[in-house]
Amino acid sequence: ETGVTQTPRHLVMGMTNKKSLKCEQHLGHNAMYWYKQSAKKPLELMFVYNFKEQTENNSVPSRFSPECPNSSHLFLHLHTLQPEDSALYLCASSLTSGWTDTQYFGPGTRLTVL
Amino acid sequence: KNQVEQSPQSLIILEGKNCTLQCNYTVSPFSNLRWYKQDTGRGPVSLTIMTFSENTKSNGRYTATLDADTKQSSLHITASQLSDSASYICVVSDPGSQGNLIFGKGTKLSVKP
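From first to last, the protein sequence lines stand for chains F and V. Under this note's numbering, the first residue of the first sequence carries the number -8, and numbering increases by one thereafter. Under this note's numbering, the first residue of the second sequence carries the number 4, and numbering increases by one thereafter.
Isolated chain F, as found in the complex (with noise of 0.2 Å):
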């Protein structure tokens, strides 16, 4: 788990808070990623960066705004958000953004919209 961490752990937010979410890797990558975990839902696929350059916006709203300063650190800006926006944020990196890297996820974030 010391390969892809994430902070806060946990947050609880209104819906006219700004917030934001931080991953950082440790393992020399250069792909990193935004997921959505919801109860009994696939992961869904939120942003992709390879080597700093958002490759993929999924058709994310735009009251979630990633930014990523370098290939270590990633960030998930948060204003404004919904109720059903609640879930489980998880960050995960990779050698590339190709298929055949395996991907590493960090421990989430429990995001609680009120």
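Bear in mind the hints are in silico, worked out from the structure with no lab data behind them. For every residue, glycine included, the Cβ atom is placed at its ideal position computed from N, Cα and C. Hints may be right or wrong, so weigh each one.
Stated by the list, open to error - Derived list of chain F stretches under chain V, where covered just means 3 residues or more per stretch with a C-beta under 8 Å from a C-beta of chain V:
(1) 28 to 34
(2) 85 to 92
(3) 95 to 104
Chain V: place on chain F using the hints.
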């Protein structure tokens, strides 16, 4: 639409018993299939990865099988332990999809003493 279906949705077994989890997929073209284990409150961890040419792969007490013709995979857990309690997620790589991975909903396994 490419999909990955897992069964059962949940399973309860006694410690020491064996169990088998199923994964059916319709992803085409198909490149590889992974099984992940996700403990409660943690991120998924890769257990096995198989390409279309591999039929079986083991990782300790976990053995995954793959039939690329019928598009079915199974994960067999031998001599279950309490620490095996987790969700097991089947993931298929689709080179043509965004992010390349198609996730199943997972099977929630509970091992009871």
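Check of the region 28 to 34 of chain F against chain V for coverage (Cβ-Cβ below 8 Å, three residues minimum) = Three-residue rule met by the region 28 to 34 of chain F, so holds; n is 4.
Please count how many residues of the region 85 to 92 of chain F have a CB within 8 Å of a CB from chain V and say whether that reaches 3.
-> holds (count 4)
Examine the region 95 to 104 of chain F for residues whose CB is less than 8 Å from any CB of chain V, and state whether their number is three or more.
-> Coverage by chain V holds here, the residue count being 6 at a Cβ distance below 8 Å.
Violation of the numbered hints given earlier is absent; every hint is satisfied by the structure.
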